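There are 2 protein chains.
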Amino acid sequence: MRFSKTFIKTLRTAPKDEIATNGALLTRAGYIHKEMAGVYDYLPLGLRVIENIKGVIREELNKLGCEEIQMSALQNPEPWEKTGRFSDQEVDIWFKTELASGGKLGLAPTHEEPITTMLKSYISSYKDLPLYVYQFQTKFRNELRAKSGILRGREFLMKDLYSFHTSEEDLDKFYAEVEQAYNRIFTRLGIGEDTFETFASGGIFSKYSHEFQTVLPVGEDTIYYNGDKSVVLNKEVLEDETLADLGVTREELTETTAAEVGNIFKLKFKYSEPLGLKYIDENNAQQNIYMGCYGIGVSRVMGVIVERFADDKGLVWPEEVAPYKYYLVGIGEEGRAVAEKFYQGREDEVLFDDRNVRPGEKFADADLMGLPYRIVISDKTLAEDAAEITNRATGENKLINLSELNNL
Amino acid sequence: MRFSKTFIKTLRTAPKDEIATNGALLTRAGYIHKEMAGVYDYLPLGLRVIENIKGVIREELNKLGCEEIQMSALQNPEPWEKTGRFSDQEVDIWFKTELASGGKLGLAPTHEEPITTMLKSYISSYKDLPLYVYQFQTKFRNELRAKSGILRGREFLMKDLYSFHTSEEDLDKFYAEVEQAYNRIFTRLGIGEDTFETFASGGIFSKYSHEFQTVLPVGEDTIYYNGDKSVVLNKEVLEDETLADLGVTREELTETTAAEVGNIFKLKFKYSEPLGLKYIDENNAQQNIYMGCYGIGVSRVMGVIVERFADDKGLVWPEEVAPYKYYLVGIGEEGRAVAEKFYQGREDEVLFDDRNVRPGEKFADADLMGLPYRIVISDKTLAEDAAEITNRATGENKLINLSELNNL
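Heads up: the protein sequence lines correspond to chains Y and F, in order.
FYI, the numbering for the first sequence is 12 to 419, going by our numbering.
FYI, the numbering for the second sequence is 12 to 419, going by our numbering.
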């Protein structure tokens with residue numbers, strides 16, 4: 012992309028009420044625009060980051076045989092009333108609205124009820140199982156406070172996957188596959204080393220669920236880990252029984268803050284039973300269906316990556332997430348001409364800063380925008396038949412020969 | 012995709028209240044699922060059709076230098092109050108909701124107000140113009156009745172493009188480019204021959220706007236055209252002044268029904284003025300910004316394509332839109348083995364019906380699902396070292412040599 016052709020500008024300031032680092036930096040770097048607390052627009056660079064995160068998740072889930080769909084945001088109360096979750100006492104973050112033709116509707120904060128109901132049209136026999144269905148869908152949650160930038164949205168993008176099984180063993184097997192897929196996803200997204208699978212509270216049918224928590228000073232959750240981090244658990248399950256289950260003592264555990272980037276949950280019959288999703292087994296008997304659900308907060312992950320890697324100069328993107336790989340600057344007539352030539356055919360991986368502004372301004376914007384590599388071609392580098400390439404994360408800086416550059 | 016690995020099944024019946032052909036056929040063929048009137052889920056095949064339509068639109072708009080973003084669905088009333096459009100009297104299809112922390116919100120039925128407001132952070136000088144920004148975004152419209160399947164949704168996907176200019180000439184120039192892009196888009200989507208650019212009512216600032224209307228028996232609009240279809244206009248502007256402007260008489264015009272698939276509109280200062288989007292010109296004077304807006308109903312286009320091409324056997328997809336290009340059937344042990352081999356590496360363009368069901372059932376599903384080509388490999392075809400390939404649209408049917416098949 013040519014900088015001169017995009018409407019994006021870096022901004023000196025973020026909105027005054029933007030107290031979160033991720034919100035302020037992403038705004039200043041031109042990735043997002045705040046509509047109101049917890050509600051953001053994604054500008055061209057921000058949308059590319061979101062699409063990259065979705066791409067990684069999609070690739071890993073498709074490997075497991077998961078199928079992508081898209082459910083509606085508007086929710087008929089009926090299935091939610093069957094599980095008791097349309098009640099504002101039960102679920103306190105509903106946005107509700109009304110049909111002009113009469114009747115209440117909700118804006119989906121999650122999709123267990125509609126997907127379980129929808130699948131009644133498609134599952135009848137054990138031959139139809141197992142199946143795994145996911146979507147990337149905007150969720151709406153009427154949070155009282157939303158001051159964490161895109162870490163906690165009133166409108167945000169989530170990946171939610173639901174699995175359906177004939178037996179607990181089959182659910183357990185798939186659950187373990189998702190655990191591994193999640194580890195691969197967070198590693199590819201650059202936060203693998205800081206992200207831990209934690210024990211979290213279960214529900215009626217399971218003692219524990221699991222969360223994927225990224226250690227972060229501004230994280231809203233508290234987690235506890237032992238020395239080698241082989242045992243990590245959430246505050247809500249920090250009790251004698253859990254400690255005994257996991258074979259650790261309270262004294263062995265260290266407390267830290269973290270942000271939840273994913274969760275996985277064995278729902279078993281929690282939704283399939285009240286909503287009547289059943290199958291006929293080999294002996295022609297009707298059976299309940301075992302369910303699991305598996306979420307990743309896509310826009311939250313983007314915020315977590317910002318918080319984890321940003322420095323005092325601006326954003327720092329891991330390679331698989333970055334909107335473009337290279338930030339290209341040509342200085343002087345010949346430098347600009349060589350840069351122009353390098354840019355040709357690389358429109359999709361290079362942000363070419365072809366603006367008529369001082370090099371210093373370009374360097375500052377390169378730092379703020381946080382693309383993995385900055386390439387500078389100037390009379391000085393050309394004197395050595397080279398370009399200068401700088402790693403945004405490490406600051407490492409070297410000259411590379413022009414022929415090597417053209418092989419990038 | 013392997014049919015045996017997807018949860019999709021064709022269904023004998025659609026919901027009883029599904030009176031629209033597009034809704035009923037898409038449901039029976041496993042492309043969509045109805046949540047309520049005007050609100051649908053997109054299942055794997057349906058989502059692929061939507062993504063294909065988006066892909067064609069994106070490609071043509073990017074050629075014009077348009078930039079993709081994504082605005083929020085939740086709407087702060089403030090900018091809408093400045094244009095008078097938050098009022099339910101003025102815009103009668105709002106879904107409204109309330110923040111838990113207090114205050115009304117709307118669900119965006121369109122995005123002129125927020126995008127105009129957002130761009131105040133990015134436009135200051137004539138050097139920042141022109142610019143063209145678009146999105147694919149779910150729109151919410153609280154229609155009293157929604158009985159046309161995905162032709163008229165309460166929740167639906169729209170592409171909306173907005174352009175910003177320093178002069179009327181520049182707006183006119185871009186408007187003409189979009190007209191051409193729209194013609195290319197509808198041609199690629201297979202409805203070019205039946206889609207006409209019509210004169211429609213303008214607004215405060217323009218005498219006429221233009222709509223792209225696809226001739227369709229179930230279309231909700233009425234359009235009039237002359238003999239060679241060089242003049243086409245909407246019912247709302249069928250009056251003496253328009254006829255004089257266009258140089259046709261009422262007698263020369265034929266009436267027909269049509270569905271609006273796109274519209275383009277010279278807004279000029281309609282939104283930029285009340286919302287205060289201005290720029291500084293070469294002489295340091297503040298000036299209003301000329302705006303245009305350009306919509307395409309993405310999910311509606313999918314419905315229009317269904318209505319236009321479906322026959323009594325089921326759906327018929329044009330090639331650029333189809334979720335897969337080939338529906339593959341192997342009959343008999345050797346036929347299945349050769350089919351399996353052909354399928355390898357073509358997972359993204361072949362729907363391989365590898366189910367253990369009768370060939371007749373596969374053929375019926377192939378017809379219902381409407382992929383462009385059905386390939387059948389059986390002992391009979393293999394005896395001639397060939398496969399049978401059938402064009403879904405024309406019914407044309409021929410044997411092609413296996414080596415030719417493998418070059419497809």
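Among the hints, a few may not be true.
[What the hints assert, rightly or not] Computed list of lysine-lysine pairs in DSSO-like fashion (alpha-carbon distance at most 27 Å, straight line):
hint	chain 1	residue 1	chain 2	residue 2
1	F	K324	Y	K65
2	F	K131	Y	K16
3	Y	K74	F	K16
4	Y	K138	F	K289
5	F	K74	Y	K138
6	Y	K20	F	K281
7	Y	K131	F	K324
8	Y	K65	Y	K336
9	Y	K65	F	K74
10	Y	K74	F	K336
11	Y	K115	F	K107
12	F	K352	F	K281
13	F	K74	Y	K336
14	F	K324	Y	K158
15	Y	K218	Y	K158
16	F	K289	Y	K16
17	Y	K289	F	K16
18	Y	K184	Y	K20
Quick caveat, the hints were computed from the structure, so don't treat them as lab data.
Computed from a predicted structure; not experimentally measured.
How the hints compare with the structure:
Taken as a hint, the K324/F and K65/Y pair is broken in the structure, with Cα atoms around 37 Å apart against an allowance of 27 Å. Distance restraint check for K131/F and K16/Y: the Cα-Cα separation of roughly 17 Å lies within the 27 Å cut-off, and the hinted pair is therefore satisfied. Taken as a hint, the K74/Y and K16/F pair is honoured in the structure, with Cα atoms around 12 Å apart against an allowance of 27 Å. Note on K138/Y and K289/F: the hinted pairing is violated, with a Cα-Cα distance of about 63 Å set against a maximum of 27 Å.
Between K74/F and K138/Y, the direct Cα distance comes to roughly 47 Å. Violation of the 27 Å bound is thereby established for this hinted pair. Distance restraint check for K20/Y and K281/F: the Cα-Cα separation of roughly 25 Å lies within the 27 Å cut-off, and the hinted pair is therefore satisfied. At most 27 Å may separate the alpha-carbon atoms for a hinted pair to count; K131/Y and K324/F meet this at roughly 25 Å. Proximity of K65/Y to K336/Y is assessed by CA-CA distance (about 17 Å); at most 27 Å being required, the pair is judged to hold.
Pair hint K65/Y plus K74/F holds up; C-alpha atoms about 24 Å apart against a cutoff of 27 Å. Distance hint between K74/Y and K336/F is fulfilled; the C-alpha atoms sit about 22 Å from each other, no more than 27 Å. Using a Cα cut-off of 27 Å, the hinted pair K115/Y and K107/F holds, with the two alpha carbons roughly 11 Å apart. With a C-alpha separation of about 60 Å, the suggested pairing of K352/F with K281/F is violated against the 27 Å cut-off.
Between K74/F and K336/Y, the direct Cα distance comes to roughly 22 Å. Compliance with the 27 Å bound is thereby established for this hinted pair. Of the supplied pair hints, the one linking K324/F and K158/Y is violated, its CA atoms being roughly 55 Å apart against a limit of 27 Å. The straight-line distance between the Cα atoms of K218/Y and K158/Y is roughly 32 Å, outside the 27 Å bound, and the hint therefore fails. Taken as a hint, the K289/F and K16/Y pair is honoured in the structure, with Cα atoms around 19 Å apart against an allowance of 27 Å.
Taking the CA atoms of K289/Y and K16/F, the gap is about 19 Å. The hint holds against a cut of 27 Å. Only pairs whose Cα atoms come within 27 Å are accepted, and K184/Y paired with K20/Y is rejected, the gap being roughly 48 Å.
Hints 1, 4, 5, 12, 14, 15 and 18 from the earlier list are contradicted by this structure; the remaining hints agree with it.
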